[in-house]
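Student: Guided by the hints, dock chains V and D onto chain S, whose structure is given.
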Amino acid sequence: MIELVNVKKVFNAGNPSEFSALNSVNLEIAQNKVTVLKGPSGSGKTTLLSIVGCMSRPSAGRVKLNGREITSLPERFLTDIRRTTFGFIFQQPNLIKGISVLENVMLPAYPLGEKRAHLKMKALNGLAGLNLSSKASSQVEWLSGGEAQRVSIVRALINDPSIIIADEPTAHLDTKLSYRFMEIVEKFKAEGKTVIITSHDPLVYDSAMVDHVVNLRDGKIEDE
Amino acid sequence: MTPWIEKQRYIIDFTISSLLRRKVKNIGLLTLYTLIVFILASTMFFTHSIKKEAAIILQGSPEIVVQKIIAGRHDLFPISYIDSIKSIRGIANVETRLWGYYYDSLVGANYTLLSPPDNSGTTQLSGKTTAVETDPDDAEALAATKPLFEYNGALLEPGTLIIGNGVSRMRNISKGDYMPFMAADGQIMNLKVSGTLSSSSELVSSDLILITDEDFRKLFGIAPQFVTDAIVTVKNPNEVSMVAGKIKKRLLDSRPIIRDEILRTYDSIFNWRGGMMIVIFSAAVLAFVIFAWDKASGLSAGERREIGILKAVGWETSDVIQMKFWEGAMISLTAFFTGVILAYIHVFFAGSPVFEPALKGWSSLYPNFALTPFINAEQITTLFFLTVVPYTVATIVPTWRAATIDPDSAMRQTGE
Amino acid sequence: MILHPTVIANLLAAYISSFMVAYATYYGAQILKHWNIESGDEIQLTLERKTYLISTLLSYVFGLQLLSLFLYIFTADAMGPLFVGAMCAAGTLNVNGFGYPTLVFKILNFILAGLWLVLNHADNQGYDYPLIKKKYVLLALIAPFIVLEALLESAYFLGMEANVITSCCGSMFSEEKVTGLGSEIASLPARPMMWIFYGGMVFTLANGLYFYLKNKGGYLYAGLSLVMFVISLVSIVSFISLYIYELPTHHCPFCIIMEDYHYIGYLLYILLFGAVVSGIGIGALMPFRGIPSLESLLNSFIRKLALTSVLLYAVFTAFVTYEIIFSSLVINYEVVY
Chain S
7 MIELVNVKKV FNAGNPSEFS ALNSVNLEIA QNKVTVLKGP SGSGKTTLLS
57 IVGCMSRPSA GRVKLNGREI TSLPERFLTD IRRTTFGFIF QQPNLIKGIS
107 VLENVMLPAY PLGEKRAHLK MKALNGLAGL NLSSKASSQV EWLSGGEAQR
157 VSIVRALIND PSIIIADEPT AHLDTKLSYR FMEIVEKFKA EGKTVIITSH
207 DPLVYDSAMV DHVVNLRDGK IEDE
Chain V
5 MTPWIEKQRY IIDFTISSLL RRKVKNIGLL TLYTLIVFIL ASTMFFTHSI
55 KKEAAIILQG SPEIVVQKII AGRHDLFPIS YIDSIKSIRG IANVETRLWG
105 YYYDSLVGAN YTLLSPPDNS GTTQLSGKTT AVETDPDDAE ALAATKPLFE
155 YNGALLEPGT LIIGNGVSRM RNISKGDYMP FMAADGQIMN LKVSGTLSSS
205 SELVSSDLIL ITDEDFRKLF GIAPQFVTDA IVTVKNPNEV SMVAGKIKKR
255 LLDSRPIIRD EILRTYDSIF NWRGGMMIVI FSAAVLAFVI FAWDKASGLS
305 AGERREIGIL KAVGWETSDV IQMKFWEGAM ISLTAFFTGV ILAYIHVFFA
355 GSPVFEPALK GWSSLYPNFA LTPFINAEQI TTLFFLTVVP YTVATIVPTW
405 RAATIDPDSA MRQTGE
Chain D
13 MILHPTVIAN LLAAYISSFM VAYATYYGAQ ILKHWNIESG DEIQLTLERK
63 TYLISTLLSY VFGLQLLSLF LYIFTADAMG PLFVGAMCAA GTLNVNGFGY
113 PTLVFKILNF ILAGLWLVLN HADNQGYDYP LIKKKYVLLA LIAPFIVLEA
163 LLESAYFLGM EANVITSCCG SMFSEEKVTG LGSEIASLPA RPMMWIFYGG
213 MVFTLANGLY FYLKNKGGYL YAGLSLVMFV ISLVSIVSFI SLYIYELPTH
263 HCPFCIIMED YHYIGYLLYI LLFGAVVSGI GIGALMPFRG IPSLESLLNS
313 FIRKLALTSV LLYAVFTAFV TYEIIFSSLV INYEVVY
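Residue numbers (the numbering used here), protein chains in the order written: chain S, 7 to 230; chain V, 5 to 420; chain D, 13 to 349.
Only true hints are included.
Derived lysine to aspartate or glutamate pairs resembling EDC-like cross-links, with alpha carbons at most 20 Å apart:
hint : chain 1 : residue 1 : chain 2 : residue 2
1    : V       : K11       : S       : E120
2    : V       : K56       : D       : D272
3    : S       : K14       : D       : E54
4    : S       : K70       : D       : E50
5    : S       : K70       : D       : D53
6    : S       : K14       : V       : D410
7    : V       : K90       : V       : D257
8    : S       : K121      : V       : D17
9    : S       : K14       : S       : D229
10   : S       : K182      : S       : D207
11   : S       : K103      : V       : D17
12   : V       : K11       : S       : D166
13   : S       : K14       : D       : E50
14   : S       : K126      : V       : D17
Covered stretches of chain V, going by a simulated chain S footprint (3 or more residues, C-beta under 8 Å):
hint : segment
15   : 13 to 20
16   : 316 to 328
17   : 408 to 414
Just so you know, these hints were derived from the structure itself, not from any lab.
Ideal Cβ positions, reconstructed from N, Cα and C, are used throughout, including at glycine.
Bound conformation, chain S alone:
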């Protein structure tokens, strides 16, 4: 469970260009539920997501993960929590060009120093789970948009995270692929994972499997 209390995020503090991306956000994200953060662009969705996902620290306020206060943890500990607890799916597939699909998938596990054979097996299993086995050794440049996104999903799962974070996952997908994505989300939920999605796509936030929708505007949560 993730709990945010009075979270604020200010950029360029003290400068004329100062602006607050988040203003006193209070939020609870329940375990094993699908939560959607909804709102127009510039509403602070991504900032909130990066704070929830331990990618950045709030300027003020508290963040608790499973009851543990993580607000002022140094980056090295935040990263440690992030890479074992969260799996990230970005708007762009964000794959590294020039290396194979398999290597891309294994990338998040490199700093953990796992045994190579073991890690490779995990990656291949993950790829097989999303029908990508045949692509394992191909270069990422040759993948279609949908394939690239599925590869990035396999990558997000490589360290077996309990929370999946997806930032505008359907922004670059057509309707058919978007539905396929939601099927995958359903599978996550069935496996007991917590899912947090930002989106302004009705196909996502109106979906039956979504448990909770949070409306964001100008860095504040709007009441429904």
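Tutor: Just chains V and D now, kept in the frame of chain S:
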């Protein structure tokens, strides 16, 4: 410990593939880096082995040379001084030498003319005899008693010459040819070449011409009671400087020069030359360091994106720093070893065509000889400090900057 | 000054080290001033990022110190022929009054930089930067030493004049200088020193093992490892070198790192330096075992350090013993010089 090693292996693998993906950019850096190492290494190898070469040759030169000084200048040495030197305790032998320089206007070169002691007609102290017992197993002692020049069996008699290889090359003459000289009284002396010197000691014998005592005196108009200088052999090597002091005390206008001092002076000169070269090249190193800094800090959008992705998927700042460390280490080591190996080939096999004129020459007759390969840990460490250390330091701050890219930057880019 | 390539390399290394440390200290001071772990302000985030830069810089300084220590000895050795009476590094370092002090500072700074890295490593284990202030105060204390070392080194190299032939006088008449330069290093008698070395080593190792197993006597071991470091250096001069050179009179601690002796000196010195840094590191970390965020981790780190130090000392002793047993030199009389 094992996860740590496994992690480094992953990072190294990733670094290699990332370097290969940016071949063009990295080959430029690598080439420049290698070139810098190559130039510095060549300079150092060259000066070092020439120093070594000079030292080996000078091992065979006399322990003390005594000159006469008038008004601070070198003057002809009276033979009458010999007896006074010989009476000093501890001296094994005293020999006189006749030598000088001759300027050949035809080819614009200076020759060193020497009348070898064996053929000395006026002094009774002929032949190189050493009173010190030498141990035949002691290579150094043997080298010291070995004559400095070898005649290759040629016989030196009045009217003939034995010439060094440099002279032979420059005048394009060899055994049996005649060589004209203008004597001190204006007469032309035509002397026959009866042989050439062996090439093993070409550094000192390149411009050398051996001539008989008689011909030497005729050529330069030197009276029989004078010689150029005297060489002194001392019984106990530890007493060399003490004997030199005694000579100076007894003959106030004499200047004794000890072999070790010549060695030291050579060493200094070559160190100085090598150092000068390095100072000059340091401008190049500096330019390279600025280039490296610029290259490391001017990350392309692609690289920035890549580091952003790595951090977003769970790489930590220090993981990225480690990656960059391996990247630098690989580039540095490749450039360093390639540069050193190329320099080795350049200096010891190809005869260092690039530096020869700047570092070696003291006359227009360049000695032409193969240097004995000689490298030690000191040279390699020095090179490392002059090249790899500045490069590495120049890349620390840019590396750190690159590594501290926000992990959420991957989330913030829309479109590519 | 002698314009020798190696001299240039030495000075370059010294200046680079000083520069890096000064740079790191500057940011260290900012951290001391503005650090507030509770805050999520950008200034705090920036400072936290700077800690990565500073530890990277210090790691490089540490490596550079070790390399430059050896380079320094090499340089001194290579310049031996330039000075009357200097046979090897021992004589060259005596050319002026700055040679040996520079060497001492080089060793000291290496140990200090190593200590800083030990502290840094421990600090990185704690989630609330428990040692941050102490760490940067220590850095501020180390910096002047490294700068001082660079100054001493400059004075040493810039102040040397080679004894070369000058136009006014042919001979340097070395005899008056022979006593001034003294290539030999004063050494303690070999036999008693050998007893002290082996006795001290057995005691130190026993203590280290006891600490490793029972977790008692950490400060004692830290102290002993420092004392043992000094004893080992003295022993190298006093008797270990004799066995390596197989000469009853050559006490030089520097020639053993040269090619002629298969670079055995590197191994010995690196073992010794490693042992002392990890040994003293224990003492430096002992007071912080009570800090909550370090409690669980620090003890195992300290024990690892103890084990490292003990092993390194043991291997050092093993090599020394090997050299003594397989040396053809036999000291069966009391050598006194």
